[in-house]
Every structure is written in structure tokens, then in C-alpha cells.
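K.L.:
Given chain D's structure and the hints, the job is docking chain F onto it.
As a plain string of letters, each chain reads:
There are 2 protein chains.
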Amino acid sequence: MAVRVRSPPLFILKMRAAPECIPCAIHFAIRTMRRTGGVKEDVLREIIKKLGDFDLSHPPSYFANLVFDVIREHTGVRDPYKKDKHEQNQWALSVYPELKRMVEEADDPLLCAVKISALGNTIDLGVSGSYEVDLDLNKINLAINDIDIFRERLKTAKRILFIADNAGEIIFDRVLIEELHKPVVVAVKSGPIINDITIEEVEETGINAEFIETGTASLGVELEKVSPEFKKVFYESDVVISKGHANFETLDDADRDIFFLLRAKCEIVAEVLGVRKGDIVFWYSKKQAG
Amino acid sequence: MAVRVRSPPLFILKMRAAPECIPCAIHFAIRTMRRTGGVKEDVLREIIKKLGDFDLSHPPSYFANLVFDVIREHTGVRDPYKKDKHEQNQWALSVYPELKRMVEEADDPLLCAVKISALGNTIDLGVSGSYEVDLDLNKINLAINDIDIFRERLKTAKRILFIADNAGEIIFDRVLIEELHKPVVVAVKSGPIINDITIEEVEETGINAEFIETGTASLGVELEKVSPEFKKVFYESDVVISKGHANFETLDDADRDIFFLLRAKCEIVAEVLGVRKGDIVFWYSKKQAG
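Sequence order for the protein chains is D and F. In terms of this note's numbering, the first sequence is numbered consecutively and its last residue is 293. In terms of this note's numbering, the second sequence is numbered consecutively and its last residue is 293.
Bound conformation, chain D alone:
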């Protein structure tokens, strides 16, 4: 098990992109274009030149947003991952009864549900473009595991904000949301961005919770751009759970405490978290003083 890292820089530094985020964004551009009728060389050239003006003070998700915008502008395809999202939800719904049974049979149902939600974070077309989901929870170790703090916070929590990530993944989150036995507000994107779940697909997830939109159609949660409604819920909820890479990349320096639940899918995010690529973390990021 990796050692939990809580060195001060994690709390005061906003996550910055690494040089590796640029070629990663170009790979993402190529995969996305293949979903909109093929790679157009002139569009790819434009994307590469824009990325060539990179500023690494942005979080990694910034570059995927830039790529997505250029492709949308040139192809007119608003939602290249629409079909993927639907298929991911359908597949995840087909294993949902099995996931519920795992929780019922678990010695520690809450920890089991956290692991299932974490496992759902494997469903991602943004970072590598392909994924495999192995439903064997015995293979899941939380490299950072703050479940005890989570249990404590849950006791007194009246309202929980769950910031969702991808389609398909959200059915795995549904298992955790149901296991909380508390009023939960689920935040989703206001428009399509990669395979993130949006308000347009929530109906098909069968989740019985209140849904709100972040107010943006970009990756993660950029607090300077979200709607006042989202912001209010964000700051007034007793517990905030943030799923996945991009939400972590954009909220890691937020001025409130957050439980981050994600698989570190690349070296860049793994290094910031002090874990190895592929590790799963359930990390309680404490509100910063000041």
C-alpha cells in the first residue's frame, strides 16, 4: 500500500499541467475526431498549433476542453461521445444488480460501495481512450483511504453533494449514493464534454436524487465559471464527494473540504497524489485555513 501523502504543497498549489499533457491532448483530439467522421488534417494542424502555445499553469483538463471546442466548431458535432455514453449507461445498468448484491453481502457495506464507485472511474474515454472493468473488488486497494473520516462526517451530515464524472460510472456511483442513506444532490455537466454524464442522460441512470448542473460544459468544476446555484450548493453542503480526474484537477485547491474519489490514470495526477499510476484514492482534502 502506498503511503498517504499530506505534504503542504498538495493543499496550497493548484494542479498544473505537465509537458506530457500536450501530446495526451493531441491523442485525445485524434480519438475524438475519429468519432466525428475521421481525422481532418487541417483541423488537427490547427489544434496542434494552438496547443503549441501551451501555458502549463492551467490544469490538464484545460487542454482537453480546448481540443473539444475546436473539433466542435469545425465539425458541428455537438456531442461526439453521445453513443458511447448511452452504451456505457446500458452496460453499467446490466451489472447494477450484481453491484448491489456485493454491497449486501459485504462485511463493510459502505467501504464496499466506495470501492464500487471507485471502480466505476475506470470507465473513461478521456485519458487513454479505452478501458476494461474487472468487477473483482478484491483487486481494489485504496492507496489513500480516508473512509474513517468519511464515516464521522456522514453521521451529522444533512445534505451531501456528489459531483459526478462519466456516464456508466454514474451507475457505480448510484450504488454509493444509495448506501449513504442521506439526501444527496448530484451535480452533472450542463452540456456535453467527452463522456461526462450530462443533464441529458440522467433520466436513463435511474438515480433517485436531486440533480443540479454545474452551469458549464467544460471538464471538471471551475469555480470561477460555475453557476451561482451550483456554487451555493457546493459551499452549503455538509459533505462534498468529487469523482474522477478532472474534478480533482480543478477543485484540488478549493476553499472547502472535499472527499476526492478517483483512479490516478496518468503519471501526472498520480505524482500529485503521491501514489502510483492506476492506484485508487479516497482522499479527504481538508479545508485550508485562511
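Careful: at least some of the hints might be erroneous.
[Unchecked claim] Label pairs and their computed distance ranges (CB to CB):
no., chain 1, residue 1, chain 2, residue 2, range
1, F, Asp45, D, Gly40, 32 to 42 Å
2, F, Asp110, D, Arg19, 53 to 63 Å
3, D, Asp58, F, Glu227, 37 to 47 Å
4, F, Asp45, D, Gly281, 29 to 39 Å
5, D, Gly194, F, Asp258, 23 to 33 Å
6, F, Gly40, D, Arg37, 35 to 45 Å
7, F, Asp137, D, Glu203, 42 to 52 Å
8, F, Glu107, D, Arg19, 18 to 28 Å
9, D, Arg279, F, Arg279, 25 to 35 Å
10, F, Asp45, D, Arg104, 36 to 46 Å
11, F, Asp45, D, Asp256, 23 to 33 Å
[Unchecked claim] Taking lysine-lysine pairs in the DSSO-like style, the calculated list, with each CA pair at most 30 Å apart, reads:
no., chain 1, residue 1, chain 2, residue 2
12, F, Lys280, D, Lys85
13, F, Lys268, D, Lys280
14, F, Lys142, D, Lys268
15, F, Lys142, F, Lys280
16, F, Lys17, F, Lys234
17, F, Lys17, D, Lys52
18, F, Lys86, F, Lys228
19, F, Lys52, D, Lys53
Bear in mind the hints are in silico, worked out from the structure with no lab data behind them. All C-beta atoms, glycine included, are put in the ideal place defined by N, C-alpha and C.
P.N.:
Here is chain F on its own, set in the frame of chain D:
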């Protein structure tokens, strides 16, 4: 076992780069810069912008050459992989006695030596930046296996040209070269390019053969740029063995028959060969008519 593909396009088309070769070249740039004192953002920007003018009619190796030239020009470091090359040779020499023993104990020593040479092609810092070498030959299947044609050609061959690839790998090739029991000329690069073996490191390989240089310090063998001396040997040898990706990428449409021995390390090369990524091929490319 994959089916051997001999469809006509393989013989008449020069290998072209795919869009994926561009981000791959940028990753390579980042890794190479880390070997020359770190990633300089302005140099990386220049590289990305140059790659943004891509022309996919080049073979993939063209882009790595371009990256290498820019980095060398800006850093003044002539050979960023010097230390890697030395270490790879030292490591390979340490397992050389074991490799020789494998051949001695094999039912089919020539096939065993071909597999060992193929295994050496795993030692590469160009494509992915890291590698693992598993000496278990039972795990090696040749997805394309033209050893019977090779045996036939060897019988009458008076001189064999072996076009080498990487440092370290060449010790594995040494096992094959020694098993040929024929006069062999080994071609190496005239100057440093990634971890390709050059005339500067051949002494430490302990290979008892005639060495010649290609006349260039670029990846692969660009027949329009090589020296007249190399060209003469290339056309006059009875058998030509070409190791690795870049030699394949640049020689696949050459006007003479060649035995290509390589591991397909990326989807792009795998697709051209009609095999899967990771597969090893020993492919006899027959001289084209006309």
C-alpha cells in the same frame, strides 16, 4: 498465431505516418529533453509548432529525426542517450552467456537465435520510453515466420548484410550473427540517434564481424541519403536482415528482397504488417518486379 498477410499494398506502398505519430513524437521529445537537463518550454513549443506542419507522407521515423535535430541544436547535447546505450550493452553482455546456452540447447538453434534477436528488439527507448525484457523464449511466437525461406537463402549466401538497430539489442543480434556461420557485414548509424547503436559503441559489443556505417545519423535507412559504400553492400549482399521499426519503416518499399525482423511496438506498424501490437515478425519481403 496471426495469419501471414501478403496483400499487394504491403509491397507497393511506402509506409506513411499516421496522425498518432505526431503526439508520439512529442512524447519522445519530452523524454529526450529530460535527458539533456530538463524540458525547456520554449524548445518544446518550437517542436510542437514544427510538428504542427506535419506531412503524413513521411514514414513515422521522420518525426523523431526532426525532434532530435531541434533538441540537439538548442541544447548542444550531441548524444542524449549515450549513457543508456552503454548501460544497455553492459546489461545485454551480462546475459549473453545465457543466450548462447539457449541456442546450444535448442532443438532448432537457428530459429532459437532468430527469436533471441527478435527479443532484443524489446530494448528500445524510442517508441514508449521504457521496456522490460523477459528472457523466456517460450513466450515468443513469430506472428509471421519466414524461417524456411531464410534457411534456403542461407544455403547459397556468400555475404550477409545485417542492418542493426539499438544498443543492447545488438548483443542479442550477435547470437544470431554467430549462428549464421557466414561472413556478415553489420551496418550501424554514422552518428547518434536515440539509442541506436553507432560506430562509436561497436567496440564494446565484442562482435567479430565487418562493420560499415549507413552514412547517416538518422533513424532507419533512407536509401536516397545513405553513402555509396553502404548502398553497394546493400545491393550486393546475398541476404539482407533488417532489424527493428525504423529500418522497416524506411526500407519496406526497397527494390531488393529483405528479411525484416522486428517487434511491432505500436498500432501503426502492427496494422501495416497485419499483426497485433506486441507481435514479433520475421518477414521475407520479396523484391518487387520492375
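K.L.:
Hints first: check each against the structure and report whether it holds.
P.N.:
Against the structure, the hints:
no.	hint	in the structure
1	F:Asp45 <-> D:Gly40: 32 to 42 Å	holds, 36 Å
2	F:Asp110 <-> D:Arg19: 53 to 63 Å	holds, 57 Å
3	D:Asp58 <-> F:Glu227: 37 to 47 Å	holds, 40 Å
4	F:Asp45 <-> D:Gly281: 29 to 39 Å	holds, 33 Å
5	D:Gly194 <-> F:Asp258: 23 to 33 Å	violated, 55 Å
6	F:Gly40 <-> D:Arg37: 35 to 45 Å	holds, 37 Å
7	F:Asp137 <-> D:Glu203: 42 to 52 Å	holds, 47 Å
8	F:Glu107 <-> D:Arg19: 18 to 28 Å	violated, 55 Å
9	D:Arg279 <-> F:Arg279: 25 to 35 Å	holds, 27 Å
10	F:Asp45 <-> D:Arg104: 36 to 46 Å	violated, 56 Å
11	F:Asp45 <-> D:Asp256: 23 to 33 Å	holds, 27 Å
12	F:Lys280 <-> D:Lys85	holds, 29 Å
13	F:Lys268 <-> D:Lys280	holds, 21 Å
14	F:Lys142 <-> D:Lys268	holds, 28 Å
15	F:Lys142 <-> F:Lys280	holds, 15 Å
16	F:Lys17 <-> F:Lys234	holds, 19 Å
17	F:Lys17 <-> D:Lys52	holds, 27 Å
18	F:Lys86 <-> F:Lys228	holds, 28 Å
19	F:Lys52 <-> D:Lys53	holds, 9 Å
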